[in-house]
Every structure is written in structure tokens, then in C-alpha cells.
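For the protein sequence lines, the chains are S and L, in the order given.
The numbering used here puts the first residue of the first sequence at 1, with every later residue one more than the last.
The numbering used here puts the first residue of the second sequence at 1, with every later residue one more than the last.
These aren't lab readings, by the way, just hints derived from the structure by calculation.
Hints may be right or wrong, so weigh each one.
[Stated by the list, open to error] For lysine to any residue, the following SDA-like pairs were computed, each having C-alpha atoms within a straight-line distance of at most 20 Å:
no., chain 1, residue 1, chain 2, residue 2
1, S, K71, L, R310
2, L, K78, S, T79
3, S, K20, L, E331
4, S, K5, L, L322
5, S, K54, L, K78
6, S, K85, L, R305
7, S, K78, L, E316
8, S, K85, L, L321
9, S, K85, L, Q215
10, S, K75, L, N79
11, S, K5, L, S349
12, S, K4, L, A304
13, S, K54, L, E316
14, S, K34, L, L366
15, S, K34, L, A402
16, L, K396, L, P226
17, S, K85, L, L348
18, S, K5, L, E354
19, S, K78, L, S349
20, S, K4, L, L348
21, L, K396, S, T79
Note that this is a predicted model, so its numbers are computed, not measured.
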Amino acid sequence: MDIKKIAELARMNLTDVETKRFEVEISGVLQNFKDIQVIDTENIPSADDVSGLKNVMREDVAMNNTLADPKELLKNAKTHNGYVKVSAVFAEETVS
Amino acid sequence: MTMSARENLETSLDAITLWEPHISAFVELTKDEAERQVSVLEVDTELAARPLAGMPIAIKENIATTFGHTNASSNILKNFVSPFNATVTDRLLSAGAIVVGKTQQDEFGMGSSTENNGLPPQTKNPWDVSRIAGGSSGGSAAAVASAEVSAAFGTDTGGSIRQPASMCGVVGVKPTYGRVSRHGLLAYGSSLDTAGPITKTVRDAAKILEVIAGQDPLDATTSSLPVGSYVNACGKSIAGLTIGVPKEFFAEGIDAEVKQIITDAIASYKEQGAIIKEISLSLTPAAIAVYYLIAKAEASSNLARYDGLRYEVGEERIEALLDHYKRIRGEGFGPEVKRAILMGTYALSSGYVEEWYGKASKVRTLIRREYEQAFQEVDVIVGPVSPEPAFLLGSKSSDPLAMYLADAYTVPVSVAGLPAMSVPCGMTKNNLPVGLQIIASHFQEETMFQVASAFEDAHEYKNLSPKLPQ
């Protein structure tokens, strides 16, 4: 298992110590989970719903006053003129 | 004479002063909010007449409250204050409950011992402070066991309400998936997450579930089925009911003393006229793998939102956006959460998704069918919650697989989306509580409460309390 590649996909830095540790631990856990591979699931559908509900619809009308106003929602973020402030997307731009 | 809301709050705060130095159930107290609610209760006669009026309660850190923090015990959300309340929070407040604080947990609910807390302190078991309180809702269970509060709220993805309730000798209810709104719960595994009460008695849990259950426009997976009369179900005779006992719940790995206590509890149901029937749930061992693959896959997707931009303010550096994400996530998540994200990302990654996540989802269907079939023959299923009583702090934290295997009896129920609860049913020689798990069919919480109260009423366990350590 290539933990470094998976960490890239998960957008998460790992230290070398963590990389080694997780490689051993996760491989061990998956080795133990291998038994489910032999269970016959021919023609068995995936459990994609849990409560048996299907296509929950509502009127196409904007819901007002249900959560919080944008100001409240932005309180936890770094903002600029009422928008979430984000680092430069391209590395080149910060270098030049 | 009934106590006033203010007297209840004072009693709760006094107990907190006595117990917190020993058990650290709380991450923070929300005295201002508690005071606000008491003041309202003193003048608002309508609120004062509602079902939970004046009841001091605690709420787990991963349930959104506009007061205090909502950080799921994670460094990545250390300073997060929710702009809105979870639906359960709103419903508790409208029913007159007084929220005295937020309780400790494993980070994002990932763990069975509350030792994976990303933020301090370390919660301990009130019955023996050298032991874990269980998890992930360990703080909530410990707070109720020590009578710091009358009730506490937890979340249960794979056993996080039932297992700490069992280990702390209190009642813990995991409702049917879709019975209680998930709006405002910090998501772990969205197809598994539920919220429910932890209380001293079965009837208190029934009363609270009646308040919080029901459809919510903010959670499309909530059911429109009417909420049952859970309190009225308590005390009804269980004579003639069929109770299923799955032999797989007593297989190798179960502690001998726990096995005996559960066997005795089942015998007491027989004395009350229930029909005891041995059943087989052959997929029980496979459920651990199915549960962890699905839960971790969903977690890896749910936790992608913690990008260091919207919910948290990290140190500002000049760096590219991708490097920012990776740094904040690498620094912010604790080891168990990182393990979960990595395992989940792997189980969903191109080339492996069919083998792991896909397979697990199909076996999940089989597990659900196996339970549906069992409920053709029995009214409820009973067994242990956990294969062992509360273990010593630090004794398993280095071995993730050992920790996962300890969830063998709670995760199958979560995978099937069924309601289940833990009821105190005995004490070990070391004076540690053991919980009986009662599992019902989808949305059959009334039967579950009926069977739970029948045990509670016939025994004295609800009157046992831990002694304050010296």
C-alpha cells in the first residue's frame, strides 16, 4: 500500500514516522478485513439507502431563516470583503 | 416538593464541582446559557410546563450549539463556534432543558474509549478513575453516571452511545437511523450517524426521545413516521414477547463474567414470561469489517470539508492553496482521524473501490436482511453491549485492531440502521457496570423501551451510584 500516494489524495501532510506507522497499521487492519471478500454477493444490491426513503422532494422555493445569515456563517473564516479569503491557487504566483 | 429550575441547576453545578477534578467529563461549562434558560423558565410559564423543563443536561462536543464551542474534540476546530444550533439542541431547549456544558469525546467520534480526544482533558470512568469511560460519548456517559447532570446527549455511529453507557452503568439509546435529525451533528459516517440520550433511567430516555424524534426539513433522511409513545410503552408486561439471543454474541472473546451477567439477565426475562429463543446472526463477525470500511470511507469524504479556510483560522503563511490544505490537515487531525481518512480514501480509490467499499456495501445489504429475517421470529434481540467491562486507561490505545474488535456487538446494529439501547444489568466483582443491549426492528422503539423498562423495574441497578473518589 502506497500511503504517501493516499495521503496526497486526501490532501494531508504526514511525517515520516506517521507514514511508516500508518502503513503497518492500515495494512494490518485490511488484512484482517479480507474475510469479507469470500462472502457471496452475486446479484446483491449495494445498501445505498438506510431508512428506506427514496427521492425526498420539496417545493422549489428558497428556504429563508433556517440557518444563519452569511455574516454569521463567515464568522469562523478569514474573510475579505465578505468572501472567504483563500491562498494563491498557483504556486508560481506567490513565487514571482 | 418539586425543585425549581434554579435549584436543579445549583445541584448540577455542585456535583460538577465535586466530580470534575476526578473524571473530566466536560470540555467546557456553558453557565451563561444555563443562566439564560433558568431566567426564562422563571417567567415563561408555558416553557416551564414543557416535558424537560428545568432538567440540567450536557451536550457532546460534536453537536452544534451557538453557545460554547462545537469542536468535536479536534484541534482543527479548536476555536469553532457554530452559527446555528443542531435540531436536537433546538428541540431540547424548546422543551425546557438547561444546557450546562459540552462533553468530551473521541475526536470526531472516532474511538471507543475517549482516549482519542484531540483536545484536553482525559475523561475517566466514575466507577474507577483508572479506567476508560468508554467512547466515543465518554464524557456524556460519565457526566450522567456521576449525577453531574440528569441527562446528556451523545452520538452513535458504531456504538458511541451504547458502549460508554454500558461501561458507566447508565441508560443509552441509539434510535433507528432516520428517527432523530442529524442536522447540526458534525458528520462522521453519514449513513450510520445517529444522536440520542444518555440517562439514569429508561423512562427519562423515553421522555427525551419523544421530544427530539421526528421529521426535520433540514435532514432529508428523517422519517415521516409518527413518533411513538415511548413513555407509555414503559412498564407494559413482556409476557408472551419473544426475545432472540444470537449465539454469535457469546462467541470467543467475551469476558466470562460479562457472559454470566448477561445470561442471568436473560433468565430474568424468562421469569417475567418472555419466550427466549436462540437465534443465529451468522454475519456478525463480518460486520466489523463492513462497518469500518463504510464508516471510514464516509469519514474521508465528510472530513474533506476541513480545509483550513472556512471553519478554522490557522497560522497565515505565504503558500500555495494545495500546500495550505495539506499543512492545516496534517497539523490539525489526530492519529485516529488520520488513520480513518487514509483507510477511507484507500477504500474509495480508483482500482480498489469495488474490492473494499463496493463489497462492504453489498455485504451490508446481507446483514440488514439477516436482521429482517430474525425479526420475523422475534420481537427484540438481546445480548451484551461490549465483550468486556471498562478497561484500564492506555491499555489498548496502541492497537487500533484490538480497539475495533471491542465493537463487535454494537457495529452490526449500526450497519443495519436498527434502534438499540444499553440498560445497566449487573456489576462485576471489581464493581464495574455491565450493560444489556436491547435491539429492536426499524422504528420499533416502543417495544425496545417496553423490554428495557421490564428489566429496570425488576432490578435495583438504577439506584446504584459511584462513590466520589477520595
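Hint check:
no. : hint            : verdict
1   : K71/S / R310/L  : holds (12 Å)
2   : K78/L / T79/S   : holds (18 Å)
3   : K20/S / E331/L  : holds (17 Å)
4   : K5/S / L322/L   : holds (15 Å)
5   : K54/S / K78/L   : violated (37 Å)
6   : K85/S / R305/L  : holds (15 Å)
7   : K78/S / E316/L  : holds (10 Å)
8   : K85/S / L321/L  : holds (11 Å)
9   : K85/S / Q215/L  : violated (36 Å)
10  : K75/S / N79/L   : holds (11 Å)
11  : K5/S / S349/L   : holds (10 Å)
12  : K4/S / A304/L   : holds (17 Å)
13  : K54/S / E316/L  : violated (44 Å)
14  : K34/S / L366/L  : holds (17 Å)
15  : K34/S / A402/L  : holds (16 Å)
16  : K396/L / P226/L : violated (42 Å)
17  : K85/S / L348/L  : violated (30 Å)
18  : K5/S / E354/L   : holds (19 Å)
19  : K78/S / S349/L  : violated (32 Å)
20  : K4/S / L348/L   : holds (16 Å)
21  : K396/L / T79/S  : violated (43 Å)
The structure shown violates the earlier hints numbered 5, 9, 13, 16, 17, 19 and 21.
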